[in-house]
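Trainee: Read off the chains here:
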Amino acid sequence: DAKTTQPTSMDCAEGRAANLPCNHSTISGNEYVYWYRQIHSQGPQYIIHGLKNNETNEMASLIITEDRKSSTLILPHATLRDTAVYYCIALNNNAGNMLTFGGGTRLMVKP
Amino acid sequence: NAGVTQTPKFQVLKTGQSMTLQCAQDMNHEYMSWYRQDPGMGLRLIHYSVGAGITDQGEVPNGYNVSRSTTEDFPLRLLSAAPSQTSVYFCASSLPGRPNEQFFGPGTRLTVL
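Taken in order, these protein sequences are the chains called A and B.
Residue 57 in my numbering sits at position 57 of the first sequence; the count goes up by one each step and never skips.
Residue 26 in my numbering sits at position 26 of the second sequence; the count goes up by one each step and never skips.
What the hints contain is simulated information worked out from the structure, not anything from laboratory work.
Just so it is clear, CB atoms sit at the ideal spot from N, CA and C, and this is done for glycine as well.
Treat the hints with caution; some may be incorrect.
[Stated by the list, open to error] Which residues of chain A face chain B? A few of them, derived with a C-beta cut under 10 Å, are:
| # | residue |
| --- | --- |
| 1 | S9 |
| 2 | C12 |
| 3 | P21 |
| 4 | G102 |
| 5 | G104 |
| 6 | T105 |
[To be verified] Stretch-level coverage of chain B by chain A, calculated; a stretch enters the list once three of its residues show a Cβ under 8 Å from a Cβ in chain A:
| # | stretch |
| --- | --- |
| 7 | 33-46 |
| 8 | 101-112 |
Chain A extracted, bound-state conformation:
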């Protein structure tokens, strides 16, 4: 699995967009970019994933650069409940993958 690099922490004002970057410069052609988050004391929560096209769902948007070496998760209108650690993972689509969360980005949404 490709290594991913994320900033340690970020702040965002409530109601504003939160843009969380992730670098995955060694990603291979069959690896997807997955985003999860973990709110304090809860289980991780799947957010979104993509291969090379931009993706959007009810939770977030995922923008992947054309060379696939980096991506950005966008929470369009952050709320206090979005305060969490966000993890970017590069994985192929096989069973038995380890969701090995690295350090992630601790997002603090402030009023």
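Use these hints to put chain B onto chain A, whose structure you have.
Mentor: Below, chain B alone, put in the same frame as chain A:
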């Protein structure tokens, strides 16, 4: 749907005791997994199952057993608890075509004294 449920929420064991952590899901997911998360650390895969009757080892399987007799249930057994197994244990499930879109349970906080 209740989603993924785990019991108990908290457990304290003495070294050498055995116990079973329960995990159930009502989403008809074929894939189920067990992870542990140590303080300030990421997840580590213990065991996983791609369907009833099929299990396989993850990254840290030693000291744990699993079985998958039904699609719904995937219990994790600690054979002889050790302080190094103090951790938060998460169970997760997913659909076969979406193995990495995992739904996680609320976790079991285990302390081994």
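Trainee: Using Cβ atoms only, decide whether C12/A comes closer than 10 Å to chain B, and label the hint accordingly.
Mentor: With Cβ-Cβ at 23 Å, over 10 Å, it is violated.
Trainee: Mind checking the CB of P21/A against every CB in chain B and telling me if the closest is under 10 Å?
Mentor: violated (19 Å)
Trainee: Take the stretch 33-46 of chain B, compare each residue's beta carbon with every beta carbon of chain A, and decide whether three or more fall closer than 8 Å.
Mentor: holds (count 5)
Trainee: Given a cut of 10 Å on the nearest C-beta pair, is the interface hint for S9/A held or broken against chain B?
Mentor: Since chain B brings no Cβ nearer than about 14 Å to S9/A, farther than 10 Å, the hint is violated.
Trainee: How does the stretch 101-112 of chain B fare against chain A when you require at least three residues with a CB closer than 8 Å, holds or violated?
Mentor: Coverage by chain A holds here, the residue count being 7 at a Cβ distance below 8 Å.
Trainee: Should the hint that T105/A touches chain B count as held when the rule is a Cβ pair under 10 Å?
Mentor: Interface hint status for T105/A: violated (13 Å vs cutoff 10 Å).
Trainee: Per the CB criterion, is G102/A less than 10 Å away from chain B?
Mentor: Holds - the Cβ of G102/A comes within 10 Å of chain B, reaching about 6 Å at its closest.
Trainee: If you take the shortest Cβ to Cβ gap from G104/A to chain B, is it below 10 Å?
Mentor: holds (8 Å)
Comparing the model with each numbered hint stated earlier shows that hints 1, 2, 3 and 6 do not hold.
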